[in-house]
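K.L.:
One-letter residues, chain by chain:
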Amino acid sequence: MVSDNFLGNYASCVAARSTNRAILAGSQDGGIVTQLFAFALEEGIIDGAIVAGPGDEPWRPRPMVATTVAELLAARGTKYNISPNVSFIKEATRSYGLDKVGIVGTPCQMQAVRKGQLYPVGLRDVPDKIALAIGIFCMENFPYQSIVQLVEDHANTKLDNVTKMDIGKGKFWVYTERGATVQLPLKVTHKYEQPGCHVCLDYVANLADISTGSVGTPDGWSTVFVRSKKGTDIWSKALAAGCFETKPIEEVKPGLELVTKLATEKITKNRKTIEERASFGVGKGLRNPYI
Amino acid sequence: MGLFEKILGIFKKKDVTVETRGTTAPKPDEPEKPAVPERPAPPPTNAIPAERAPVVEGQTSAIPPDEKVPTTAQTDTKEVKPVSDKITAGHVHMSGCTGCEVAIADNYAGLLTLLDKYVDWVYDLTLADVRHIPEMDVALVEGSVCINDKISVEEIRETREKSKIVVALGSCACYGNITRFCRGGQQNQPQHEAYLPIGDLIKVDVYLPGCGPSPQLIKNVCVAAYLLLKGNADQQALATAYLKPLMQAAERGTEACFCDLMIDVIDQGLCIGCGACAAACPVRAITHEYGKPQGQRDLCIKCGACYNQCPRSWFSFDVVSQYEGIMETIDAAMQE
Ligand SMILES: Cc1cc2nc3c(=O)[nH]c(=O)nc-3n(C[C@H](O)[C@H](O)[C@H](O)COP(=O)(O)OP(=O)(O)OC[C@H]3O[C@@H](n4cnc5c(N)ncnc54)[C@H](O)[C@@H]3O)c2cc1C
Ligand code: SF4
Ligand code: SF4
Ligand code: SF4
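Going line by line, the protein sequences match chains A and B. Each residue of the first sequence is one higher than the one before, starting from 1 at the first, in our numbering. Each residue of the second sequence is one higher than the one before, starting from 292 at the first, in our numbering.
Here chain B stands alone, though its shape is the one from the complex (with noise of 0.2 Å):
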C-alpha cells in the first residue's frame, strides 16, 4: 500500500496547488525525475462562451446557463494558481450521439474539479468556440468515422497528429458500435453508411468503453492521465499500470461483441460464471442459464462492455489488489 498512501499523502495536503502535487513535489528521499516536456501555455480560458453554455438535457448542467461568462480579468485571476500545470483536452466528436458528452458532463461537480485543478477543456464543439481541432494532451475522440464524410477523415487524422495521447471515448470510437449497423439513408447526407471505430484509421492510445462510457470510468481514465503526464514518479507508476489494461485494450483490435467472450474466455475455459458480463450489458442481451452467459446475439450492439468487464478477459492484481488506495487517491484527488 505504500505507493498509494504516499500519493494519496500528497492530494491530502490542503490547498492542493502545483507546488505540492505536480513534478515539482519529489518525495523528500528521491531524486527529482525528469522535467515532464514543457509545452506551450494553455490557451485562454474564455472557451465557454455563456449563448453556448452547455445545457444538458434534463439536468443542471455541469455549468449553471445562467452563470455569467466570466470577464478576463476574473479568468485571469482564477487563472494564476495551479493551471499551469494543466494538461490540456479536448473533446473530438465524430458520428457518436453525444450520449459520451453527455456522460463527461454527468460528473457533475467532478467536472468542474477536473476542469478547474487538472484539464484546461481546449476543444469541444458543443461545450468550448473553438473550431478547429488545436494541439493538445489528451484527445477524447467520440464516434466512429464516417469514411464517406471527407471532413470526418481529415478530422480524425489532425486529432492523431496534434494529440499526445488519443483516448476512444465510448464504444462507438472504440468498437464501432451501433454505427457498425449503418446502411446509410438517413438525412440529410444519405450517402454517408459506412463507419469505421477511430482505430481503424489511426493508433489509439487508450479504449474507454461503454455505451455510453460511465462518467466514473472518465473520472478514473482523466485523473489517471493527468498524473501520467504531469505526476511524479510513483504518481506516473500508479496511471501507469491503471492505464495498461486499457491501453492493451486499444491494441487488441476493433471489434468487439458477445462473442469474444465465446472466443475469449468461454471457449478457452475461464468463465466462472460470475455475472459481470450480464451485469454490463447496455441492451440485456445476455442473460444466464444455469449459470453460463448466453449471448442473444440479435441483440448485442457490439460495445464490447461485457468482454472488458468480464475478470477473465483481463484482470490485474497489480492494479485491483489495491483497489481501496486507488479508489481513495482518485477521491482525494477530486475534493474541491
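Next comes chain A alone, as it looks inside the complex (with noise of 0.2 Å):
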C-alpha cells in the first residue's frame, strides 16, 4: 500500500483502457468507469449504479441509477457541471431496490459517500451497501450555466452541437458535431467556476474504491488508482476477464509525475485559499469546514 500526502492511500497505479470498443467509443478516457461497472453489473457485484445521466438541457446531467449496461451506455462522458450524484443514495437502496450500489463521483462526492458510511445521519441502511465507489479526478467543477457562458459565449459555439468537452493540456476544450474544435486558455474559465471547490483538498478522489482521470496518460488511456481492498478485488477480477489493457504508469507519458504535481498545486493553492478565508473580513473570517 503505498500512502502519498497528495495521491492518498492506494494499492497499485496503472495505465489502462477498456478492451470493448463500444464502450470506448463514448467515454471520456479509457472508459474505465463505464467498463467497470458494466463488468460489475454483469457479475451481481452491483445491483445498478447511480451515474451522471441525460438531462433536460444539452450537457446537463441529471443522476441517474443505471440497471442495465444501455443506461450505463447513455451516461459515459464527462459533463463539467454539477452532478448531484449523492443525492440518489439513499433512493437507490428504496424505491430502485439496490442492495448492492454502485456510485461514481468527484473525490467530494466520494467524501459525501464515505462520511456517509461513517456516520449515516439521515442514510439508514445504506452504508452496508454500497459496494463499488469509483471516483473521478477533479480539478474543478462548473455550475450549468458557467458552462453555458464558456460554450455559447467565449467558444461561439451551440451547446446543442456540442460532442465532448475536456480539459487538458492547459486548455478547456469544445469538440463539435461538424468536426470544429474550440479551445478556451484555462485563464478564461477560472472565473467561472464552482466557488466550493476552492477548499477542496482531494484531486483524485482518495476516498473510492477505484479512481480513475486522464491525466499521467496518453490521450484515450486512464489513469488508474486502485485503493480498497473492494476496489482491490473487483479490478482484479477484471483484469482477470480481460475488461481491460493496461500499461505499467512507469512506461508512460506523462506519467505519475504530471498527476502529483497538479495534485500538489490544487491542494497547496486550497489550502492557501482556506487560511485567507480565515482572516476574510476584518477580524472576521469565513468558515472552515474541516475539523
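If you are wondering where the hints come from, they were derived from the structure by calculation, not from laboratory data. A virtual CB, placed ideally from N, CA and C, is assigned to each residue, including glycine. Keep in mind that a hint or two might mislead.
As the list claims (entries may be wrong) - The calculated label-pair distances, taken between Cβ atoms and stated as ranges, are:
{"id": "1", "chain 1": "A", "residue 1": "E42", "chain 2": "B", "residue 2": "E452", "range": "53 to 63 Å"}
{"id": "2", "chain 1": "B", "residue 1": "E445", "chain 2": "A", "residue 2": "K229", "range": "45 to 55 Å"}
{"id": "3", "chain 1": "A", "residue 1": "E152", "chain 2": "B", "residue 2": "I554", "range": "25 to 35 Å"}
{"id": "4", "chain 1": "B", "residue 1": "Q626", "chain 2": "A", "residue 2": "L186", "range": "46 to 56 Å"}
{"id": "5", "chain 1": "B", "residue 1": "V574", "chain 2": "A", "residue 2": "N288", "range": "23 to 33 Å"}
Could you use the hints to bring the two separately framed chains together as a complex?
P.N.:
Structure below.
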C-alpha cells in the first residue's frame, strides 16, 4: 500500500483502457468507469450504479440509477457541471431496491459517501450497501450556467452541437458535430468555477474504491488508482475477465509525475484559500468545514 | 492505518473476553493506561421480563417474545464472562414517538451482540422493568422535553445528574424536530404545548441526530462509547476521534433546519452540489436545481439530518480517511 500526502493511499496505479470498443467510443478517456460498472453489473457485484445521465438541457446531467449496460452507456462522458449523484444514494436502496450500489463521483462526492457510511445521519441502511464507489479526478467543477457562458459566449458554439468537452493540456476543449474544435485557455475558465471547489483538498478521489482520470496517461488511456480492499478485489476480477488493457504507469508519458504535480498544486492552492478565508473580513473570517 | 490494525487485532482474537479487550489488554510495548474508574457492579440482568418483552411492530423483535425469561441461575452463568466490564446504558423516553427506540431494535442481531458483549441495558420504560432512572454510563435520551410537564423536567435533570454521558438520540432530542410544531390540544394532556430539545435544559455530550436515527449510527456510537469508557489507550483515541464531531454538534446548539445549510454552507461559499443533503432528508424537502440544493422550507421538520450529513458542514479527514479501518473495527466488534 502506497501512502502519499497528495495522492492518498493506493494499492496499485496503472495506465488502462477498456478492451470494449463500444464502451470506448463514447467514453471520456479509457472508459474505465463505464467498463467497471458494466462488468460489476454483469457479475452481480452491483445491482445498479448512480451515474450522471442525460438531463433536460444539452450537457446538463441528471443523476440516474443505471441498472442496465444500455443505461450505463447513455451516461458515458464527462459533463463539466454539477451532477448531485449522492442525492440518489438512499433512493437507490429504496425505490430502486438495490442491495449493492455502485456510484461514480468527484472526490468531494466520495467524501460525502464515506462520511455517510461512518456517520449515517439520514442514510438508514445505506452504509453496508455501497458495493463500488468509483472516483474521478477533479480539479474543479462548474455551475451549468458557467458552461453555457463558456461554450456559447466564449467559444461561440451552440451547446446542442457539442459532442465532447474536455480539460487537458492547459486548455478547455469544445468539440462539435461538424468537426470544429474550439479551445479556451484555462485563465478564461477559472472565474467561472464553482466557488466551493476552492477549498477542496482532494484531486484524485483518495476515498474511492477505485479512482481514475485522464491526467498522466496518453489520449484514450486513463490513470487508475486501485485503493480499497473492495476496489482491489473488483479490479483484479475485471483484469482476469479481460476487461482492460493495461500498462505499468512508469512506462507511459507523462506518468505519475504530472498527476503528483497537479495534485500538489491544487491542494496547496486550496489550503491557502482556506487560510485566507480565516481573515476574510475585518477581524472576522469565513467558515472552515474541516475539523 | 497502524492504529486501526492494532485495534482490529484485538477484536479479531477469538472469544473476546474482558482479558483481551478491555482495560486489561495493553499493548505489550506500552504501559498500561490508568484504570477506568470503578463503578458499581451491573444490576441483575433480569431486566427483561417476558410479559414486557419488546414486540416491535411488524418484525421479529430483537428479543423473541416467546423466549423464556432467563432464570436467575441461567442469568448468572451467562453473566460470568465479560459482563463486569460492560458499560451501563439506558433509554430515557421524553416526548418522542418511540421511533428512535425502534431504530435501536432495528439493529436486530447486532442489538443482541451489543447487549451480550458491551452494554448492560439498565433502564428503558419499554424494555426493562425499572421504574426510576438509575445511575448509568450512557443515557440515550429520545424526544424533547415538555416543559409543561413536571415529571419530564425532573427526569431530564435526573438523567443528567446520574449519567456520565448523555446522548441526544434522534432529532427531537437534538433539535426539537417535529415537536417544535406542537401547539398543544392533544389528548389527554391538551395543555402540554411547549417542547424543548434536551440541550436547552441540560448539557448534552453527544448528538445522534436523525428522524429516526439510523440503526447503523446508533451501533457506531454505542461501540465508540464502549471503547471510550472501557478501551485501552488506542481504542480510546479512536473512539474520541470518531465521537468528536458528534460532540461538537452537541456544542453547536439546539436549532437545525434547512436554513443551517444556507447559513453555514451555501452562503459561506462551501457547497459543492454533492447531493448528500437531499439524500438525507426524511421528508424530501430538498431538491437540486442546477446542482444546488433548494429547500422547500414549509416541508422541513427541523431534523438537522441534511446539515449533519453534508460533507461541508463538518468533515474530519482524520476520521473519514480511515473509513475502511473504522468500519472493519466496528464490524469486528459486532461479530458474535
Ligand atoms: C467536473 C469534472 C472535472 C474533472 N477534472 C479532471 C481533471 O482535472 N483531471 C483528470 O484527469 N480527470 C478529470 N475528470 C475526469 C475525466 O474527465 C473522466 O471523467 C474520467 O477520466 C473518467 O473517464 P472514463 O472514460 O473512465 O469514464 P466514462 O466511461 O466516460 O464514464 C464517466 C462517468 O462519469 C460520470 N460523470 C460524468 N460527469 C459527471 C459529473 N459531473 N459528476 C459526476 N459524475 C459524472 C458519467 O455518468 C459516467 O458514468 C473530471 C471529471 C469531472 C466530471
Ligand atoms: S474540485 Fe473538489 S469540490 Fe469541486 S467538484 Fe471537484 S472534487 Fe468537488
Ligand atoms: S450536502 Fe452540503 S455540499 Fe452537498 S449539496 Fe448539500 S449543501 Fe451542498
Ligand atoms: S430540510 Fe429535511 S433534512 Fe434538512 S432539517 Fe429540514 S427536514 Fe431535516
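K.L.:
Compare the structure with each hint and give your call.
P.N.:
Hints, verified against the model:
1. One distance hint, 53 to 63 Å for the beta-carbon pair E42 of chain A and E452 of chain B, holds here, with the actual separation near 60 Å.
2. Between E445 of chain B and K229 of chain A the CB atoms are about 51 Å apart, so this pair conforms to the stated range of 45 to 55 Å.
3. Restraint check, E152 of chain A to I554 of chain B: a C-beta distance of roughly 34 Å satisfies the suggested window 25 to 35 Å.
4. Restraint check, Q626 of chain B to L186 of chain A: a C-beta distance of roughly 51 Å satisfies the suggested window 46 to 56 Å.
5. For the pair V574 of chain B and N288 of chain A, the supplied restraint of 23 to 33 Å holds, since their beta-carbon distance comes to about 30 Å.
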